[in-house]
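**Q** Sequence:
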Amino acid sequence: MTRIWMGLALGLGVSACGGTAPFGDDDDDDTNTGSDSVYFTDQNELMTLNNITYDPDSDTLTLNNIPFDDPDNVYERIQSEKFSNSFDAYESVPTSGTNEVEYFAVFRRSDSGQSQVAAAGTNRYVNFGYGGAGAQRLGSQPNLPSSGIYSYNGEYAAVRTTRDGVNNGVTFVTGDANLRVDFDDFDVGGAAGGSISNRQVYNTNGQSVGALDGYISLTDTTIDFENSSIATSTATEFDGTGEATGAGGNWQGVFAGPGGSEIAGIVFVEGSEVREVGGFIATQ
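Take 0 as the starting number for the sequence shown in numbering that gives the first Met the number 0 and just add one per residue.
Check before you lean on any hint, since a few could be wrong.
[As the list claims (entries may be wrong)] Straight-line C-alpha distance at most 25 Å; calculated DMTMM-like pairs for lysine to aspartate or glutamate: (1) Lys81 / Asp110; (2) Lys81 / Asp175; (3) Lys81 / Asp212; (4) Lys81 / Asp54; (5) Lys81 / Asp58; (6) Lys81 / Asp56; (7) Lys81 / Glu101.
FYI, nobody ran anything at the bench for these hints, they're computed from the structure.
Quick caveat: nothing in here was measured; it's all calculated off a predicted structure.
Starting from the given sequences, assemble the full structure and let the hints guide the process.
**A** Dropping the structure here:
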């Protein structure tokens, strides 16, 4: 409850939809905040997502603790989506005449089935509103190598919300995730870092509308060998000339698969006019 009221204190208000500003809490206790999962709830009080559930039989996504998205927290697949990678697009479907808010999400379960990531956002608030991202390890915790330098490459997707007074809206973004991991140095902590590049932009129907210049830098950080995870570090967006755009935030992740051969991670960057919150799956 406290976290939601903090959002209100920051001036969070509904935009372009009926009803009053958000209040209360999502009472679903289906949370999973153990060492097998990472979320942004500690980095940003409006990043409230704290659990992900996916039903492959019905192709429905359930995202817990995002206020007013759906009474059952359910997101439906956007069938018209034409992403260039293996992520898929989803949306909550507000019932007309209610206080439900439209949210958009991206999701991917890894090819191995050992991990999954999701991210969500909306443009229905005066500021960026609620949302979040999560990465979950679905299999057993791997024993990580004690030495060696490895490359991890894979796919990224995000929900990007713009608040520039002209083009207030939501788009989807896909991209490439490229990471490097040193399991030996720093001495007992290892090191991990990388970037998100080749970002392609899609409208809310999942249709391609262009590309974003530049990239997101994932600043080097340490490895938590006890939990087979990657500690939180800085994420910074740069434009096509190599200049920082002013959007920054955090990234983190978990290792999955035999020997930690897979990384599921989450990324968010936020500036005065834009927020991008996403996730990636990368393998050795």
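**Q** The structure should be examined with respect to each hint, and the outcome stated for every one.
**A** Now the hints, each set against the structure:
no., hint, in the structure
1, Lys81 / Asp110, "19 Å, holds"
2, Lys81 / Asp175, "16 Å, holds"
3, Lys81 / Asp212, "20 Å, holds"
4, Lys81 / Asp54, "21 Å, holds"
5, Lys81 / Asp58, "16 Å, holds"
6, Lys81 / Asp56, "21 Å, holds"
7, Lys81 / Glu101, "20 Å, holds"
Consistency with the previously given hints is maintained throughout, with no hint failing.
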